[in-house]
Amino acid sequence: MRRLALILCLLLATPLVAVEPDEVLDDPVLEERAREISAEVRCVVCQNEPIDSSNAGVARDLRLIIRERLVAGDTNQEVFDYLVARYGDFVLFNPPWRPSTYALWLGPFIILGLGFLAVIMALRGKSGQLTASLTPEEQARLEALREKDGS
Amino acid sequence: MNRLVFAVPFALAVLVLAFGYWGLSNGRDPSSIPSALISQPVPDFALEPIEGVDTPGLSTADLKGQGLTLVNVFASWCGPCRAEHPILTRIGREQDLRIVAINYKDQPAAAADWLEELGNPYALIGSDLSGRTGIEWGVTGVPETFIVSNDGIVLHRFPGPVVGDGQRRFQKALDAAKAAQ
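As given, the protein sequences belong to chains A and B, one line each in that order.
Sequential numbering of the first sequence, starting at 1, is according to this note's numbering.
Sequential numbering of the second sequence, starting at 1, is according to this note's numbering.
Quick caveat, the hints were computed from the structure, so don't treat them as lab data.
Just to be clear, a hint being listed does not mean it is correct.
Heads up, incomplete: computed chain B residues facing chain A, CB under 7 Å, no partners named [what the hints assert, rightly or not]:
{"id": "1", "residue": "A7"}
{"id": "2", "residue": "V8"}
{"id": "3", "residue": "A36"}
{"id": "4", "residue": "G131"}
{"id": "5", "residue": "I135"}
{"id": "6", "residue": "G138"}
{"id": "7", "residue": "G141"}
Computed far set for chain A versus chain B, every beta-carbon distance over 10 Å [stated by the list, open to error]:
{"id": "8", "residue": "C9"}
{"id": "9", "residue": "E23"}
{"id": "10", "residue": "E36"}
{"id": "11", "residue": "V58"}
{"id": "12", "residue": "A72"}
{"id": "13", "residue": "T75"}
{"id": "14", "residue": "R86"}
{"id": "15", "residue": "Y87"}
{"id": "16", "residue": "N94"}
{"id": "17", "residue": "Y102"}
{"id": "18", "residue": "E138"}
{"id": "19", "residue": "E143"}
{"id": "20", "residue": "R146"}
{"id": "21", "residue": "G150"}
C-beta: ideal position from N, C-alpha, C; glycine also.
From just these sequences and the hints, can you work out the full model?
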C-alpha cells in the first residue's frame, strides 16, 4: 500500500520547471505560448536542458525576453528568429531544415537504409549459395528422403 | 559481391569513427557554442558607466573607426576573470590594443573595488546591470572576449578565460584579425 502511494506520488508529481512565479504572464494564452517556446530553446549554459527547466541566470533572462516579445505582439517564429540571431541555430532543440542540416536530418535514414541493403544482400547471397551447392547426387538423395518421408 | 557486403559497413564504420575523432581532437570543444555574430556588425547597445568609476560608458558607436578593439565581458564575481585580467592587461599594453569592457551583472561598488585592486586597462566600460546587452552579444557566461574590427565588425568570440592554452588560441585569433586589418 505504501509502495503504491509512493508510485502514485511520483506519477502525479508535476514536471520539473524553473519558471518562477514573478515571470508568469497574466494572459494565460501568451503564457502557454511562452512555455511552448521555452521548451524548444536550449539553455546556453547547461546545454542539454531547455530554458524552461533551467535555473541558470541567462535562461531566466531569455524566458523574460520571450515573454516581453510575446506581449509586444511577436509571433512564435519572430521570437525564435530573435534568439537565433544572437545565439545561432544551436539554441533550437529542433534544428531547421536547410542545406547545412541535410546530413543531420537524413543521415540516420541513409545509414538505416544501407543497413537494410546489407542485410538483404547478405541473405540473398546465402540462399543462392545453398541451392548452388547441391550436387546431382545430393539432390537425388534429398528427393529419395522426401519420398520416404511422404509415404 | 560478397566482399561488398562486408566492405560497405566497414567503410561506414571507419567514416563514423573518423568523424568522431575529428570532432573531439584539435582542442575542439563539443560544448562550445558557435557564435552567430561572427562577421556581423556589433549589436546595437548603449551602456552607462559603472557608478563610482571614472571610465566612460560603452555603446555601439565607440566600436567603429577606433582600430582593432578587444571587448572583454567581465564581472567581479567571476573567478576566471580575475585570472585572465593581468594577461589581457599585458596583451593590451604590449600589442598596443584598445580594450573596452562590458561589466556583466555586477554590483557597481564591487566592480569599482575590483578595478581598484587589479588595475583598469579599459578605455571604456559599460555597466550591463540587467544582462540584456550581454544577450545582444550572445554571451553565455563570463569571461568572454570579442575581437572587433575597425569597421565595427565582430571578428572573433572567445568564451572563457584568456589563460594558458586559451591564451595561445586567443593570440592566434588575434594575429589573424591583425593580418586582416
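Now for the hints, and whether the structure bears them out:
no., hint, result
1, A7, "10 Å, violated"
2, V8, "6 Å, holds"
3, A36, "4 Å, holds"
4, G131, "5 Å, holds"
5, I135, "6 Å, holds"
6, G138, "4 Å, holds"
7, G141, "6 Å, holds"
8, C9, "35 Å, holds"
9, E23, "14 Å, holds"
10, E36, "20 Å, holds"
11, V58, "6 Å, violated"
12, A72, "14 Å, holds"
13, T75, "20 Å, holds"
14, R86, "4 Å, violated"
15, Y87, "5 Å, violated"
16, N94, "17 Å, holds"
17, Y102, "16 Å, holds"
18, E138, "23 Å, holds"
19, E143, "30 Å, holds"
20, R146, "30 Å, holds"
21, G150, "36 Å, holds"
Checked against the numbered hints given earlier, this structure breaks hints 1, 11, 14, 15; the rest are met.
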